[in-house]
Every structure is written in C-alpha cells, then in structure tokens.
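Q: What follows is the residue order along each chain.
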Amino acid sequence: MTAVTEITTPAGAGRAAEAAPVTMAGALNRALRDALAADPDVHLLGEDIGALGGVFRVTDGLAAAFGEERVSDTPLAEAGILGTAVGMAMYGLRPVVEMQFDAFAYPAFEQLVSHVAKMRNRTRGALPMPLTIRIPYGGGIGGVEHHSDASEAYYTHTPGLHVVAPATVPDAYALLRAAIASDDPVVFLEPKRLYWSKGLLEPSPGPAVLGRAAVRRPGTSATLITYGPSLPVCLEAAEAATAEGWDLEVVDLRTLVPFDDETVCASVRRTGRAVVVHEAQGFSGFGAEIAARITERCFHHLAAPVLRVTGLDIPYPPPMLERFHLPDVDRILDAVGRLQWEYDITEEQK
Amino acid sequence: MTAVTEITTPAGAGRAAEAAPVTMAGALNRALRDALAADPDVHLLGEDIGALGGVFRVTDGLAAAFGEERVSDTPLAEAGILGTAVGMAMYGLRPVVEMQFDAFAYPAFEQLVSHVAKMRNRTRGALPMPLTIRIPYGGGIGGVEHHSDASEAYYTHTPGLHVVAPATVPDAYALLRAAIASDDPVVFLEPKRLYWSKGLLEPSPGPAVLGRAAVRRPGTSATLITYGPSLPVCLEAAEAATAEGWDLEVVDLRTLVPFDDETVCASVRRTGRAVVVHEAQGFSGFGAEIAARITERCFHHLAAPVLRVTGLDIPYPPPMLERFHLPDVDRILDAVGRLQWEYDITEEQK
Amino acid sequence: MTVLHPPDVHAGAAALLPGPEPLSLIDRGGGTGDIAPSVLLDLHRHLVRGRRYNLQATALTKQGRLAVYPSTTGQEACQAGAVLALEERDWIFPTYRDTLALLVRGLDPVEVLTLLRGDWHSGYDPREHRVAPLCTPLATQAPHAVGLARAAALRGEDLVALAFIGDGGTSEGDFHEAVNFAAVYRVPVVFLVQNNGYAISVPLHKQTAAPSLAHKAVGYGVPGVLVDGNDAVAVHQAVRAAADRARAGGGPTLIEAVTYRLDAHTNADDATRYREAAEVEHWQGRDPVDRLEAHLRECGLLTEEAVARAGREAEELAAQLRSRLADDPAVDPMSLFEHVYARPTPQLLEQRAALAAELADVEEAR
Amino acid sequence: MTVLHPPDVHAGAAALLPGPEPLSLIDRGGGTGDIAPSVLLDLHRHLVRGRRYNLQATALTKQGRLAVYPSTTGQEACQAGAVLALEERDWIFPTYRDTLALLVRGLDPVEVLTLLRGDWHSGYDPREHRVAPLCTPLATQAPHAVGLARAAALRGEDLVALAFIGDGGTSEGDFHEAVNFAAVYRVPVVFLVQNNGYAISVPLHKQTAAPSLAHKAVGYGVPGVLVDGNDAVAVHQAVRAAADRARAGGGPTLIEAVTYRLDAHTNADDATRYREAAEVEHWQGRDPVDRLEAHLRECGLLTEEAVARAGREAEELAAQLRSRLADDPAVDPMSLFEHVYARPTPQLLEQRAALAAELADVEEAR
Ligand SMILES: Cc1ncc(C[n+]2csc(CCOP(=O)(O)OP(=O)(O)O)c2C)c(N)n1
Ligand SMILES: Cc1ncc(C[n+]2csc(CCOP(=O)(O)OP(=O)(O)O)c2C)c(N)n1
Ligand SMILES: [Mg+2]
Ligand SMILES: [Mg+2]
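Chains as they are written, first to last, in our numbering: chain W, 572 to 921; chain U, 572 to 921; chain A, 37 to 402; chain R, 37 to 402.
Just so you know, not all the hints are guaranteed correct.
Per label pair, the in silico range of CB-to-CB distance [claimed, not checked]: (1) U:833 - R:399: 27 to 37 Å; (2) W:773 - A:365: 32 to 42 Å; (3) W:908 - R:125: 55 to 65 Å.
Looking from chain U toward chain A, a few residues come up when the C-beta cut is under 10 Å (computed) [said to hold, decoys possible]: (4) 618; (5) 622; (6) 637; (7) 638; (8) 644; (9) 718; (10) 775; (11) 853; (12) 886; (13) 889; (14) 902.
Hints are computed from structural coordinates only; laboratory data are not their basis.
Cβ coordinates follow ideal geometry from the N, Cα and C atoms, glycine included.
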C-alpha cells in the first residue's frame with residue numbers, strides 16, 4: 572500500500588558521507604522531539620499519536636518520552652481536537668495538532684477558518700494562535716478514498732493562516748521547527764509519499780525562515796515551480812529534459828503562505844517561461860494563484876503563458892488509477908514542450 | 572444594517588413598463604415556490620426557513636403553502652442538515668438546503684467535500700446528488716463578523732460541485748430553477764447585498780442553462796469579468812470609465828463551475844485587456860483561476876497582464892470598515908488604468 | 037485490561053441524571069440558600085442594571101447606533117447569577133448574546149458592545165478580563181473552554197472555565213465534542229445552557245426530543261443539573277456548586293437553565309411570526325428581575341434605598357451608553373492590516389501600501 | 037404555547053435508559069428468544085462464512101491482492117445478527133469495516149471488496165441492494181441514514197435504515213447531529229454502535245467517560261439499549277425489536293453492542309503497540325462463532341451435518357475469493373471522467389481528450 576520513494580535531498584546531497592540518512596517521518600519525529608524538549612509549552616494532540624505513535628509513526632516514542640499530558644491521544648473528533656487546541660493556545664500554550672489524514676481535517680474546517688485564522692485579528696493581537704496543524708498530505712501511497720486529498724488551496728485562501736509544505740528531509744525538520752516556533756497558526760502539509768524518502772539531518776538544519784522558496788536546480792530554459800510531493804517529480808523531469816536540450820530551473824516554494832514572490836519572479840524573469848506543478852486538482856487550485864501572480868509581475872518577461880500541470884479535476888481516484896491523476900515526468904515535459912519555443916524567432920506572430 | 576441597492580437589471584431593462592419589479596429575494600422566493608409546485612420531490616430544509624420564512628425572508632410563505640414536511644425547520648446543525656439532505660437525495664428526492672450565512676456553511680464542509688461532491692462518482696453514477704445548497708453570500712450589508720464571507724473558492728476547487736452566483740433578478744430566478752433541476756449538486760451563492768435590488772420577472776425567464784456567462788455591457792477597450800454582488804459595481808465602473816475614454820465590456824460569469832471559457836475568451840481576445848473583480852480575498856481566490864486560464868488561452872491577444880481587483884487578504888472587516896475591503900469603482904478604474912495603454916504604440920518596450 | 041463499562045461506573049449513572057423539576061429557590065420558600073446577603077444585593081443590582089442595559093442597547097440599535105443587538109431581557113438571572121458565582125480568575129466563554137455576562141464581569145460597557153457597534157470584532161482584551169471574545173458561530177466556543185481549562189490544569193493553576201451555550205447551540209456537533217472532551221480529560225468546565233425556548237424562530241420541541249437538555253449529561257458521564265433560569269439565586273447556587281466541584285477535581289458539569297427570551301432574537305427579528313403573545317405574557321409573569329426583587333424584599337434583605345440606588349445606577353449606565361455611543365467611533369482603515377499575522381506578509385505590506393496611497397489620494401482630492 | 041420540558045416526557049426518561057447489564061441470551065439460559073430455528077441456522081451459517089471471509093481477505097491483503105482490509109473477526113455476531121433482523125427493503129449504512137454486513141445482505145463477495153481492492157471507490161449499486169457505500173469518514177453516514185429514512189417516510193414507504201457506527205465514531209459531531217435529527221423527526225432509524233473497545237489504538241476509556249454508550253440515547257429522547265455484541269441471538273433480537281418499533285412509528289433507537297476486535301485495526305496496524313495479549317485472549321474466550329455454535333448445539337438445533345455444510349460453504353467462498361482476486365482487475369483510466377457530473381463540464385472534456393491522447397501515445401510507443 573505504500574511506495575517507498577528514495578530521493579537524495581538536494582540540501583544534504585553534498586554531505587552524504589558524514590552521517591546516516593533518515594526518513595522524512597524520522598526527521599519530523601526529531602523536530603517534534605526537539606520542540607517538546609526545548610519548550611514546555613509545546614503540547615501534541617491528536618488521534619492515535621500516543622502509544623501507537625501515529626498511523627505514520629511520526630510521533631513514535633514521544634508519549635513515552637514526554638508523558639501523556641504533553642503528547643495526548645484525543646477522542647475521535649477533529650473539530651473538538653482543533654477547538655481544544657484553540658483554547659490551549661488562548662492560555663498561552665503552543666499546541667501541535669495532528670489530523671490523521673487530509674480529508675479528515677475537514678470536520679475541523681469551521682474551527683480553522685472562523686477561529687484559528689481570525690483569533691489574533693479579531694482580538695487586536697491579544698490572542699495569538701501559535702498553533703501548528705500537521706496534516707499528512709496528498710496521494711501516491713495507494714490509499715483508498717478520502718486518504719489522498721491535496722487540499723492546500725482551501726488553506727492558502729484563508730487569511731490568517733500560514734501554509735507550509737516541505738519536500739526534503741532537512742526541510743521537514745527545519746520548517747516544522749519554524750512552524751512550531753511561529754506565533755501564527757501554520758497548516759503544515761506533510762507529503763505522505765515522501766514520509767519514507769531519505770536525506771541527511773547532520774549538521775542540524777535548525778529552524779527555517781518561513782516564506783523563503785529554494786532553487787533546487789538552477790537552469791536557464793524555463794522554471795518549474797512546485798512544492799511538497801511534486802518536487803522529486805520535477806527534479807526528475809528536469810533531468811530528463813536535458814535530453815531535449817532544455818535546462819530547467821526548479822523552484823521549491825516550501826512555504827505557500829507567505830509566498831516568496833522574489834525568488835519565483837527572479838527565476839521566471841531570468842528564464843522567461845514557467846510551468847507550475849502540483850498534485851491537487853487544477854481548477855481553482857493554488858497553481859492558479861502562482862500563475863496569476865507571476866503573470867501580473869513578470870508579464871513582459873514571459874515568452875509564453877505560465878502553464879499548469881496538476882491533478883485532474885475529479886475526486887481523488889482509487890489506488891489502481893491514481894497514477895493517471897498525478898502529475899508525472901511526461902506531463903511536465905509535455906507542458907514544457909508547449910512553452911512556445913518558437914517565440915524568440917517569430918516575434919511577429921504575436 | 573442593510574443597504575438597499577437598486578439596480579436595473581440589464582436583462583429586464585427593456586420591459587420596464589410591462590410589469591412591477593420584484594426584489595431578488597422575491598425572485599428567489601418565486602423560484603422556490605415554482606419548483607415546489609412543479610416537482611413533489613423538491614424539499615426545502617434549513618434553520619428558520621419555516622414560520623419565519625428565513626432570516627432574509629427568501630422562504631417566506633412557503634411552509635404555509637406547501638406544509639412543514641416540504642419546507643422544514645431543522646435543528647441547529649449544518650452538518651446534520653446537509654447530511655440529512657444527502658440521505659434524502661440518495662432516496663431520489665431533490666433537497667434544497669439553506670445555510671443561514673456563508674460562514675455557517677463551514678460546519679458542513681466535510682459532508683460537502685467528502686459526500687455531496689463525490690457520491691455520484693464513487694458509486695459510478697448510481698447515487699446522483701440532485702441537491703441545491705443556497706448560501707447567502709458576501710458582504711456589504713453591515714453584518715458583524717462571520718456574516719459576510721465570500722467563500723466561493725472553497726467550492727469552485729471541489730470537483731463534483733457546480734457553483735452558481737446570480738447577479739440580476741431574472742438570473743436569480745432562472746439560475747435557481749436550473750440549480751434545482753440539475754442532477755448534480757449546486758452551491759448557489761445569493762449575493763446578500765443584492766437581495767433588495769429590483770428587477771423584472773415578466774415574462775418569466777424560465778430555467779437558465781448552467782455554464783453560460785453573459786455580456787452585460789458590450790465594450791471594446793477592456794473586459795471586466797465578474798459575478799454576483801460585484802456586477803453592479805463593475806457596471807458602474809464601466810459607466811464612469813467612459814469619461815476617461817474607455818469603453819469597457821462587462822462579463823457576468825453567472826456560473827463559476829462549469830466555467831464559460833468561450834464567452835470569456837471571446838471577449839478578452841476582442842479587447843486584449845482584462846480585469847477580474849470579486850469580493851473575496853484575492854490570494855488563491857477564484858480570480859486567480861480566471862486570470863490564469865485567460866492567460867493560458869489568450870496569451871498572444873493580451874496587451875497587458877490580467878489584473879485582479881478583489882477583497883484584501885484579511886479576515887472580513889467589521890461593518891464600519893468593510894467599504895475599505897470591498898472592490899469599488901475607484902479601484903476598478905485604477906486597475907483599468909494600469910492595463911498598459913501605452914502598449915500599442917510602444918511595442919518595442921516588450 | 038480494558039473492561040467495557042465496568043458495572044460500578046454504570047451503577048453511578050443515576051447520580052448523573054437531573055431531578056424531575058428545575059431547581060428553584062425563590063418560589064419554594066427556598067430562602068437564599070447559603071448565599072451571603074451582600075452577594076444577593078449584588079445580584080439584584082446587576083439584574084436591574086442589566087435590564088436597563090438591554091433596553092438602552094435595543095433603543096440605540098433602533099437609532100442606528102449599533103449594527104445589531106441580541107437582547108438578554110428575560111435572561112438576566114442566568115447572566116448575573118452565573119458570573120457572580122465565579123472567581124475573578126475564572127474564564128468566561130460567552131456566545132454573541134451574553135453581553136450582560138461581560139458587564140457583570142466588570143468590562144467597560146462600551147467595549148462590550150464593540151462587536152455589535154461594528155467598529156471592531158472584539159472590543160476588549162480577553163486575557164485581561166478572562167473573557168473570550170463574544171462568539172457568533174454557535175457552539176464553537178465550547179471546545180475553547182475545554183482547551184483553556186485543560187491548559188490551566190496542566191500548568192497546575194486553579195481555574196474554572198464557564199461556557200455559555202444556547203438551547204439551539206446544543207444541537208451542533210461542537211457542543212457534543214466539547215462536553216465529551218471535557219469529560220474524558222476531566223477538566224474544570226461548567227457548561228451552562230441557557231434554554232430560552234427558541235433558536236431564533238425554532239422552538240425547543242423542534243430542536244430536541246430529549247426529556248431535558250440536562251439529560252444529555254449522562255451520555256458523557258457528567259452530572260446534569262436542571263435549574264430555574266429565571267431564579268437568580270438558584271442559578272447562582274447551581275453554578276457555584278458546579279464550579280466548586282470542578283475546582284476540586286470533579287470535572288465538568290452540564291447545567292440547563294430554563295429561561296425565556298422576552299425580546300425578539302435581535303432588533304432585526306420579528307418574533308410575532310413564530311410565537312404567541314400569550315406565551316410571552318406567561319413568561320413576563322416570571323420576570324427574573326421582579327421575582328428576585330420580590331423575594332429579597334420578602335426575605336427582608338432589600339431596602340427601598342437599595343432599590344432606588346440600583347435604579348439610579350442603572351440610569352447612569354444608560355446615560356453613559358447614550359452619550360458614549362452618540363457619535364461614530366474613530367475607525368482607522370489602516371488597522372485592517374494589523375494583527376492578521378504577527379508580522380504582515382509581503383503580500384499584505386503591498387496591499388497596505390496601496391490602501392495608504394488610495395487614502396492619500398482621497399485626502400488630496402478634498 | 038411552548039412548555040419547556042413537559043413533566044410527563046420528563047418522567048418517561050427512565051424508560052430510555054439501558055439496563056445495567058448488556059442484554060445477553062446465550063449465556064443466561066435465555067434460549068433463543070422467539071427466533072425461528074431457520075433464522076438461527078442462518079445466523080450460524082453467516083457467522084462461519086464471515087469468519088472465513090475475514091481470514092481470507094486478510095490473507096489476500098498480505099499477498100498484495102487488496103490495498104487494505106479492516107477485519108471484523110470477533111464482530112461477526114453484530115454484522116450477521118443485525119442484518120438478518122432487517123427486511124430486504126430496509127437500508128444499511130455501513131462504515132468501512134462492515135464488509136460482512138454486505139455479504140450477509142447478499143452482495144457479491146468481490147464487489148464488496150472493490151473499495152479495499154482499489155479498483156474503484158464502491159463496487160455495487162447501492163439502490164439495488166439498499167446498502168450505502170462503505171463509509172470511511174467516521175460518523176458521516178449516520179445523517180445519511182436519517183435523511184433516507186425520512187425521505188422514505190415522507191413518501192409513505194415502510195422502510196427502516198440501519199446505521200452502523202463504531203465506538204470511536206460516537207465522538208464525532210455528525211453522530212450527535214444525526215441521532216438528534218432522527219429523534220426530532222422521529223424517523224425509522226436504528227443506530228447500532230459496535231463498541232469493539234478501540235478506535236484504532238485508542239481504548240474506550242479515552243474515548244468517553246459515559247457509563248455506557250447506550251446512555252447517550254436519553255439525551256436525544258430515544259431508547260438506549262445495551263446488548264452483548266458477541267451473542268448473535270441477542271443482537272438479532274435487539275435490532276429486530278428496534279426495527280419493529282421504528283416501523284410502527286416509534287422512532288429511532290440507539291443500540292450499543294459490546295464486542296471486541298480480535299484482529300488488528302487493519303492489516304497495516306500493529307495492535308501489540310497498544311493492547312495486551314491477555315486482553316485478546318480473554319475475548320477469544322468469548323468468540324461469537326464458538327458461542328453460537330455451542331449454544332445451538334446445546335439447544336439441539338445444530339446438527340453435525342449443518343456444521344459441516346456451513347464449513348464447506350465457507351471454504352467455497354474462500355476459494356472463490358482466492359481465484360477471483362488472483363489477478364488485477366481491468367481498470368480503465370478513461371472511467372476517471374465518468375460520473376463526476378451527469379454531463380462532463382467542458383473543462384473535463386478537455387482533460388479527457390488530453391488523457392486519451394496520452395494513452396494513445398503510450399500505446400503507439402509500444
Ligand atoms: C454555526 C452557526 N449556525 C447558524 C448561526 C445563525 N444563528 C445565529 S443565532 C441562532 C439561534 C441560536 O439559538 P440558541 O443557541 O438557542 O441561542 P439564543 O439565540 O436563543 O441565545 C442562529 C441559528 C450561527 N450563528 N452559527
Ligand atoms: C473523520 C475521520 N477521522 C479519522 C479517521 C481515521 N480513522 C479511521 S478508522 C478510525 C478509528 C475508528 O474507530 P471506531 O469508530 O471505534 O471503529 P472501528 O475501527 O473500531 O470499527 C480512525 C480514527 C476517519 N476515517 N474519519
Ligand atoms: Mg435559544
Ligand atoms: Mg471501535
């Protein structure tokens with residue numbers, strides 16, 4: 572049911588000899604452990620996060636190490652979990668909530684939109700919400716229905732939330748530490764199919780700065796913009812593209828909100844062409860925002876419209892069909908091929 | 572607390588002498604009444620829709636006319652309401668649900684996303700969901716917090732749903748009839764601040780076809796693309812723009828899903844410039860989808876990037892500040908002014 | 037080993053059920069329980085003040101000085117009886133209707149109305165007063181009370197959280213989840229259901245088929261208490277007992293206070309559409325202010341002077357409201373961008389700059 | 037006039053409470069109630085078949101033939117006892133775990149597994165079998181049962197809906213809202229909570245502090261029934277009584293069947309992380325299949341031949357599963373675009389054309 576994807580995380584690539592690689596699930600576990608150790612106000616709550624260590628084992632061993640009060644199993648009710656966390660945050664704690672799967676965060680939608688996202692604003696800063704909401708995110712692990720949604724667009728559209736999606740092992744650690752340290756609520760999207768990908772955590776990446784994208788592969792022909800589970804696919808596509816003579820730059824957003832316009836636009840201005848890649852259904856998806864804002868900011872640098880390679884506009888498919896839904900190397904290359912490479916020499920066509 | 576906006580609805584404009592104008596709330600009431608009369612499978616359910624006739628009086632008199640079984644007050648629980656409606660639809664009825672205000676639809680989000688939107692697909696067509704979910708939508712009526720959200724983007728991003736937003740009185744009637752007649756679930760967004768706007772219903776507009784946009788004002792300089800409560804603002808802006816020498820076309824989407832690419836693109840290809848206008852916060856909003864798809868389809872016809880005039884990326888403001896949040900004529904004209912009118916004569920700048 | 041439903045717990049179920057009749061003291065010659073006379077006079081003062089506050093706020097709404105006002109006329113005993121039963125360090129989680137509870141807690145009467153006036157969402161510092169923001173999405177504040185009480189308990193602090201909720205609100209999933217969490221974590225929360233007979237237009241019998249709302253308690257393993265919500269003394273006593281229990285580690289209690297909303301749902305509502313005048317009259321006969329006053333007089337606790345003083349104080353409050361709400365407050369559009377995040381995003385900074393430029397243009401055009 | 041909590045209803049509350057001990061027939065010399073011998077033999081047959089089905093499906097999962105399988109081993113009495121108590125026209129609203137209930141209803145054993153095999157979300161026509169799709173988001177199917185039962189009642193049809201739910205699922209808001217709606221509308225729904233002691237790893241005492249889950253019923257004004265979920269006869273009798281009551285216009289019932297999940301949560305779960313072997317052994321001693329078999333033998337109802345026949349039939353079923361699930365099913369990627377809407381949107385048509393072109397390319401490249 573679970574595909575193990577091994578990718579070498581670019582950030583740690585140079586140090587492969589120094590230490591043993593860990594999985595992304597392991598890196599997240601270490602981030603939680605370090606956060607719990609560093610700050611007594613950090614509390615974890617969620618379904619099955621105690622003795623079981625979470626269905627993905629991200630909280631493995633934490634209840635044993637920090638006690639059931641710091642790492643507590645909750646009754647089975649997501650609005651109750653998030654609402655309880657809101658109350659804890661009102662008192663000054665720093666709750667870290669686990670939603671068991673992406674689609675099972677929906678029962679908490681009202682608490683998220685009407686309280687978590689707004690509490691600081693409505694109380695003029697008196698009640699900040701230093702909450703982290705961890706959500707195993709996306710598909711590709713053969714999960715049956717309701718276990719593979721990519722729902723970032725619901726969150727990115729909600730003012731007051733930060734939205735973070737790591738794609739590499741060191742980022743998983745660094746961004747989760749940053750999310751927990753943030754005084755604002757962070758929806759933290761953990762790419763399920765990268766849970767077992769491996770990378771290095773030594774030397775420790777430390778907490779990241781939220782809101783900074785990373786260029787994972789420099790290139791000159793066009794820019795692929797992506798995040799979370801689609802990063803390895805884009806890197807693979809970029810490698811494959813060299814055979815066609817394209818040298819693709821790959822930008823990993825890391826943080827969807829706040830958005831790093833600077834890095835993204837600098838890249839697109841340089842390359843003049845861009846393709847946005849994400850798993851979620853494309854219509855009204857986050858890729859639309861990326862494409863729209865690049866166009867607003869870089870119009871005269873664009874040789875072609877910003878294209879999108881996304882999931883289909885259908886309910887997430889059953890396991891045996893999910894590969895037809897998810898963006899793959901071929902679809903990305905196909906989109907790159909449609910970036911009007913003839914443009915430079917046929918300017919008069921415009 | 573409620574501002575009464577009088578607009579002459581373009582569709583009925585020519586027939587002003589023939590019959591008395593009705594309000595949009597009245598038109599919606601008539602649509603519900605006609606649907607109830609036409610089809611015994613139509614059932615209304617929601618909070619306070621019976622004796623009270625709904626907080627906006629859209630269901631006024633319907634319980635008295637059709638009985639409490641057809642038009643029934645529910646206990647106060649939105650997930651329960653929508654979930655019950657799902658069960659009724661499974662049995663072949665055609666439920667029409669009222670959510671009292673936009674933000675109070677959030678408790679039903681899981682039922683909407685995981686069941687309403689998916690049921691037909693997961694059962695290979697065996698269980699269609701001919702449901703209509705009426706949601707008083709948007710701001711501008713001085714509502715206190717949680718009473719003015721514009722949440723269309725959550726719905727447009729959910730495959731399996733249709734999303735409809737009328738802007739005129741005859742459309743309110745025609746689109747609601749079409750929504751109820753649709754064999755698919757429709758999220759029907761009723762612009763609160765147009766509830767008391769007036770227009771003509773004679774001759775009866777009959778059910779509309781979902782998925783067709785309307786050109787509300789023909790023009791040549793640029794296209795304003797909008798829907799729901801922002802239509803009157805755009806029409807006003809277009810009138811004001813003539814003073815600056817701009818002849819703006821105004822496209823009213825009417826249906827957000829399915830999207831009428833044809834009408835929109837035809838207009839933009841003609842004018843070469845476009846501004847998208849909506850109330851909701853802009854980031855990751857539906858305007859991004861509109862801008863992105865226009866750019867994908869009409870890139871070489873565009874003299875300037877598609878711009879967006881939207882609500883700010885903040886929680887909906889309190890009554891006394893909402894006018895600073897909502898798109899107004901000035902902001903639209905300002906955006907039109909930034910559509911690079913110098914472009915035609917300074918092509919080499921590109 | 038997990039034993040499903042050990043028999044001893046099961047046997048204790050009966051103790052969690054409410055009595056057959058609402059707890060009432062005033063009408064039953066119940067005297068004043070063990071409540072100190074000074075507290076009783078305080079109760080009286082707050083009821084009188086509260087009634088006047090409701091009247092004044094409703095009047096101001098008609099004059100357009102408030103965007104909307106949900107009155108608690110008829111429910112003053114619940115509001116004052118409950119809040120006075122708490123310690124200052126205890127937290128209150130009000131619904132949008134419970135403005136009076138805030139007044140009793142000692143908040144500034146105009147800051148209490150900020151939400152309803154429309155200049156901001158919440159007008160006071162919740163931490164300073166231990167009062168959560170007035171909550172509009174129904175029942176959503178109930179889990180907050182649970183979380184806050186749990187946080188305090190984890191820190192070893194002696195604190196009770198009181199969550200108000202309406203009869204309609206008990207139908208929401210959030211209510212269910214909150215009481216369950218509170219019971220499982222055994223946190224010091226008092227859930228006070230003000231059953232005022234209606235959720236806007238929907239009467240109780242369309243809201244629930246339960247024998248009483250207090251009967252829901254046993255399903256969570258917490259005590260259910262039924263109290264006459266128009267008897268300030270009884271409400272006070274019930275809430276104090278529940279708070280004491282909570283403080284002593286006994287966990288949450290669910291109290292149903294049976295009361296009545298004498299006014300319409302809000303100024304925007306037309307209650308004649310869904311209820312009979314006779315019903316309203318019946319409940320006017322059980323007016324909580326009148327009843328307390330009569331009872332305290334009977335007990336010889338209330339002097340004419342005290343009555344007059346309470347009246348004067350209430351008039352002063354009303355006058356203060358009228359004058360302080362006479363003009364529109366200063367609102368700063370630039371404040372829209374504050375407190376969306378701890379630090380504004382680059383995107384918000386852009387939007388802030390754009391609005392500033394717009395406002396400068398407008399200023400210039402003058 | 038609205039009377040809040042009329043005393044007569046209030047007095048009736050006691051009748052809604054469950055008894056102190058789960059209803060059990062088998063161990064108490066309860067005989068077989070008024071259940072016909074043929075039904076008892078049917079029950080036995082289904083229990084034997086069901087156990088074998090669980091074993092086989094679990095084995096197939098280990099071989100990668102199913103994506104995941106949540107076993108009902110230990111809960112077969114609930115599944116068969118409940119479904120056999122219904123009429124063919126009654127509807128079943130299962131959770132993701134209740135595959136056996138579908139089998140008992142007569143669905144094709146492979147179609148039952150479609151979701152878990154992963155070739156589509158739901159493998160059968162719900163209307164044909166009066167079985168809603170296996171439901172993964174917990175408790176969300178409960179309001180569907182209410183809506184469907186209400187729709188049928190409005191049409192004057194005589195139909196009962198049975199909603200399965202887990203102990204964990206009762207904590208969700210949707211459960212609360214569903215039971216409340218059912219009670220208020222007085223619809224013919226039977227809510228059957230299979231309390232198997234765990235929600236994945238979370239034991240009941242971390243899920244609720246209630247004396248029993250059946251004690252939740254009174255809070256909605258419906259009867260709460262506690263039954264031994266490992267006694268097929270008792271479950272059958274309790275569900276039939278509730279269905280009869282519902283059919284007669286008596287409204288919903290909430291039944292808690294106390295049972296135990298002998299296997300792990302699913303094949304992907306490691307139950308040793310959160311429960312003791314001794315606990316599992318204890319419950320193995322109360323195996324529902326063994327108990328029914330022993331009981332029916334004791335009552336002289338079960339011949340050796342019937343036992344052998346049931347065993348053979350179960351083996352045939354297992355063999356059928358093995359052979360029919362041996363190969364991957366044919367899946368058509370183009371079917372992804374079917375049934376998203378009644379008619380595909382223009383946008384979907386574009387995407388369909390693109391996928392068709394992709395597939396044609398791949399075909400060509402071969
Ligand atoms: C989640 C949600 N749904 C709907 C509403 C709209 N609404 C506001 S007040 C109200 C009735 C509340 O009734 P009750 O809980 O009895 O409180 P009361 O007004 O009687 O104090 C409704 C339906 C809301 N505020 N929140
Ligand atoms: C809304 C929702 N939240 C979380 C989950 C993940 N999940 C699947 S099964 C399960 C435990 C269910 O426990 P219970 O209701 O007791 O049923 P059982 O598995 O014991 O049959 C959980 C938490 C889910 N399916 N749906
Ligand atoms: Mg009420
Ligand atoms: Mg269970």
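Q: Take the hints in turn and mark each one as holding or not.
A: Hint by hint, here is what the structure shows:
1. For residue 833 (chain U) and residue 399 (chain R), the hinted distance range of 27 to 37 Å is satisfied, since their beta carbons lie about 31 Å from each other.
2. Evaluation of the 32 to 42 Å hint for residue 773 (chain W) and residue 365 (chain A) yields a failure: the beta carbon distance comes to about 57 Å.
3. The supplied range of 55 to 65 Å is met by residue 908 (chain W) and residue 125 (chain R), whose beta-carbon atoms lie about 57 Å from each other.
4. Because the closest C-beta pair between residue 618 (chain U) and chain A is about 7 Å apart, less than 10 Å, the hint holds.
5. Restraint check, residue 622 (chain U) versus chain A: the minimum CB separation of about 4 Å is within 10 Å; hint holds.
6. Taking 10 Å as the C-beta contact cut-off toward chain A, the hint placing residue 637 (chain U) at the interface is violated, the least distance being around 17 Å.
7. Of the supplied interface hints, the one on residue 638 (chain U) is violated, with its beta-carbon coming no nearer than about 15 Å to a beta-carbon of chain A, more than 10 Å.
8. Given the 10 Å rule on beta carbons, the hint for residue 644 (chain U) holds: about 5 Å separates it from the nearest Cβ of chain A.
9. Because the smallest distance between the Cβ of residue 718 (chain U) and any Cβ of chain A comes to about 7 Å, under 10 Å, the interface hint for this residue holds.
10. A cut of 10 Å between beta carbons decides the hint on residue 775 (chain U): the least distance to chain A is about 29 Å, and the hint is violated.
11. A hinted interface residue such as residue 853 (chain U) counts as satisfied when its beta carbon comes closer than 10 Å to some beta carbon of chain A; here the least separation is about 9 Å, so the hint holds.
12. Annotation: interface hint on residue 886 (chain U) holds; nearest CB of chain A at approximately 7 Å, less than 10 Å.
13. The beta carbon of residue 889 (chain U) comes within 5 Å of a beta carbon in chain A, closer than 10 Å, and the hint placing it at the interface holds.
14. At a threshold of 10 Å, the smallest CB-CB gap from residue 902 (chain U) to chain A is about 8 Å, leaving the interface hint in force.
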